[in-house]
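Quick note: the sequence shown uses the working numbering, first residue 72, plus one each step.
None of these hints come from the bench; they were simulated from the model. One thing to keep in mind: the hints can contain errors.
Unchecked claim - Listed below are the simulated DSSO-like cross-link pairs for lysine-lysine, each with C-alpha atoms no more than 30 Å apart in a straight line:
1. K321 to K263
2. K165 to K223
3. K210 to K321
4. K306 to K321
5. K201 to K165
6. K321 to K409
7. K457 to K443
8. K299 to K321
9. K263 to K210
10. K263 to K299
11. K103 to K299
12. K263 to K223
13. K165 to K103
14. K125 to K103
15. K299 to K223
16. K165 to K125
17. K306 to K263
18. K125 to K112
19. K210 to K223
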Amino acid sequence: MNPAGVVTWGQDISITCSISTQHLGGTFILMKTSSSFRTTKTSSTNSATFIIPKVNFDNEGSYQCQYQTSVSRRDFSSPLSDSVRFSVTVRLPKPSISMNPAGEVTWGQDVSVTCSISTQHLGGTFILMKTSSSFRTTKTSSTNSATLIIPKVNFDNEGSYQCQYQTSVSRRDFSSPLSDSVRFSVTVRLPKPSISMNPAGEVTWGQDVSVTCLISTQHLGGTFILMKTSSSFRKTQTSSTNSATLIIPKVNFDNEGSYQCQYQTSVSRRDFSSPLSDSVRLSVTVRLQPPSISLTSPNRGSEVTRGDSFVFTCSTSSHYPTGVFFLIFSGSNITDPKPAVNHSASFNFPAAEYEHQGNYSCVYEVTWSTWKYTSPMAAPVSVLIKMPLLPLVSSVAGGGLLLLLLVLVVVYLVISRRQQARQPEILVQTQLSVRGSNDYEYNEDEEEEEEDYVNVDSVCTKGKIKEEAGRGEEEESDEDLDYEEAGPTANSIKATLVCFGVNDNREEEEQQAKEEESSDDEDTYVNLTKPFVKQTADIYGENDDFDIY
72 MNPAGVVTWG
82 QDISITCSIS
92 TQHLGGTFIL
102 MKTSSSFRTT
112 KTSSTNSATF
122 IIPKVNFDNE
132 GSYQCQYQTS
142 VSRRDFSSPL
152 SDSVRFSVTV
162 RLPKPSISMN
172 PAGEVTWGQD
182 VSVTCSISTQ
192 HLGGTFILMK
202 TSSSFRTTKT
212 SSTNSATLII
222 PKVNFDNEGS
232 YQCQYQTSVS
242 RRDFSSPLSD
252 SVRFSVTVRL
262 PKPSISMNPA
272 GEVTWGQDVS
282 VTCLISTQHL
292 GGTFILMKTS
302 SSFRKTQTSS
312 TNSATLIIPK
322 VNFDNEGSYQ
332 CQYQTSVSRR
342 DFSSPLSDSV
352 RLSVTVRLQP
362 PSISLTSPNR
372 GSEVTRGDSF
382 VFTCSTSSHY
392 PTGVFFLIFS
402 GSNITDPKPA
412 VNHSASFNFP
422 AAEYEHQGNY
432 SCVYEVTWST
442 WKYTSPMAAP
452 VSVLIKMPLL
462 PLVSSVAGGG
472 LLLLLLVLVV
482 VYLVISRRQQ
492 ARQPEILVQT
502 QLSVRGSNDY
512 EYNEDEEEEE
522 EDYVNVDSVC
532 TKGKIKEEAG
542 RGEEEESDED
552 LDYEEAGPTA
562 NSIKATLVCF
572 GVNDNREEEE
582 QQAKEEESSD
592 DEDTYVNLTK
602 PFVKQTADIY
612 GENDDFDIY
């Protein structure tokens with residue numbers, strides 16, 4: 072028998088019967104023990120081979136051979152041969168297995184495993200099992216394949232898997248060998264986060280910038296990382312939600328560049344990182360506010376005395392980068408810059424001059440790399456230069472000799488007037504004005520009664536001053552230069568002296584004329600009580616009264 076023993080269901084079996092005899096040309100008979108199965112085959116030789124095609128369970132059992140022949144028209148049969156036995160089994164082939172997706176599988180993803188087998192025994196059950204695990208899932212199929220699903224895989228599903236096919240043939244159960252194994256690992260594939268910036272684009276120097284990172288994932292409780300491209304800058308923030316807002320405080324030019332987000336989380340004690348987000352770019356500009364400007368002077372106001380020192384102080388906000396200040400005078404070109412110290416700078420003017428009068432402002436300028444940023448102008452501050460009182464006093468002191476001479480002349484005139492006042496018949500009222508404006512006026516008192524007063528020529532008139540000044544112009548040319556340099560007060564003193572010089576000569580002539588008239592016409596005048604004489608000298612614009620009785 073070939074094959075012998077256990078025969079696969081559906082296989083062809085050959086049974087060969089042979090006999091050692093000289094009586095050839097007989098018939099071999101194959102019969103099944105305890106069965107009606109009987110098949111014959113005539114052979115001209117001493118053997119014959121019987122074929123049992125596509126054996127099944129009905130063909131199982133013991134088989135024997137017998138030989139029959141005819142000799143001289145007489146039939147003869149051999150004894151039965153020893154028996155041979157075979158059993159039938161269903162040998163299922165090894166199934167094939169495939170997985171989708173294969174290899175590394177994303178956490179939470181569904182994995183499909185397809186098992187298939189090449190057999191005619193359909194209507195069986197496919198079993199998917201995990202190696203070294205109790206995991207087992209089955210699926211009955213009327214075809215030669217089945218797809219089994221492992222839903223929402225996690226780290227517990229990692230490992231190797233095999234398929235097996237089981238079927239029933241003639242109420243007998245048969246199992247295929249295990250398929251080859253397929254393996255998959257589970258990983259957490261985090262999606263690419265999104266990133267947004269506020270404010271976006273160009274940001275003002277010193278401003279706070281907020282960057283929001285957002286991710287769509289079920290693995291919450293991770294850490295968002297904000298990093299700057301091509302830089303070591305790295306800022307992290309843990310969040311229990313799917314987003315986080317990270318702050319870049321008081322940005323400066325070092326913060327310029329492109330930024331990206333990344334998300335990191337831990338799942339079942341394994342760390343996973345998302346891909347980098349798209350990049351957003353931050354550029355920094357300086358939008359300077361107008362600086363402030365203040366004036367410091369001895370007068371504590373906008374008026375500065377000529378010769379005094381004054382200082383302008385320019386300052387700006389402390390959150391601006393360090394730069395320089397420029398002082399601008401009455402819209403003219405910018406002056407030399409002064410570096411900011413503690414965000415301020417001082418511009419000193421040691422001695423105020425009239426050309427310093429005008430409006431002052433300042434601007435603040437910051438230079439970064441090759442870019443310059445300039446603030447708007449500060450609100451202007453006006454400076455008014457006024458004439459000092461000290462030079463006036465100094466000029467008078469410088470002309471001390473002239474002042475002394477003036478005082479002597481005044482004393483002389485006072486004494487002279489007293490002597491004239493002692494004459495009962497004459498009343499004289501005189502007012503002398505010396506003004507800083509070089510205008511000298513003598514006002515004659517009005518006559519109260521013609522018969523009581525005598526008209527007296529004014530001590531000094533403008534015409535006399537001009538006349539005497541003209542006469543002495545050449546002689547006093549050198550002195551004029553000195554008076555002009557000394558200022559208007561000195562000129563007033565000079566004019567007064569000239570006036571008194573003229574009056575001294577005129578007084579003598581008038582005195583002589585009065586004595587002659589007095590001797591000739593004594594009855595013309597009326598004796599009067601001694602009058603009150605008030606003489607006033609107005610020097611430097613102030614009235615100093617000399618009361619004479």
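Going down the list of hints, with the structure as the test:
1. K321 to K263: 28 Å, holds
2. K165 to K223: 28 Å, holds
3. K210 to K321: Distance ~64 Å between K210 and K321 Cα, so the pair is violated.
4. K306 to K321: Distance ~15 Å between K306 and K321 Cα, so the pair holds.
5. K201 to K165: 17 Å, holds
6. K321 to K409: Distance ~25 Å between K321 and K409 Cα, so the pair holds.
7. K457 to K443: Violated. K457 to K443 sits at ~39 Å, over the 30 Å cutoff.
8. K299 to K321: With a Cα-Cα distance of about 16 Å, the restraint between K299 and K321 holds, given a limit of 30 Å.
9. K263 to K210: With a Cα-Cα distance of about 38 Å, the restraint between K263 and K210 is violated, given a limit of 30 Å.
10. K263 to K299: Roughly 17 Å separates the two Cα atoms, so the pair holds.
11. K103 to K299: Violated - the C-alpha atoms of K299 and K103 are around 90 Å apart, more than 30 Å.
12. K263 to K223: Holds. K263 to K223 sits at ~21 Å (cutoff 30 Å).
13. K165 to K103: 33 Å, violated
14. K125 to K103: 16 Å, holds
15. K299 to K223: Roughly 36 Å between the alpha carbons, so the hint for K299 and K223 is violated.
16. K165 to K125: Satisfied, since the Cα-Cα distance of roughly 21 Å is no more than 30 Å.
17. K306 to K263: Status holds; Cα separation ~18 Å.
18. K125 to K112: 19 Å, holds
19. K210 to K223: 19 Å, holds
Violated hints, listed in ascending order, are 3, 7, 9, 11, 13 and 15; each of the other numbered hints is respected by the structure.
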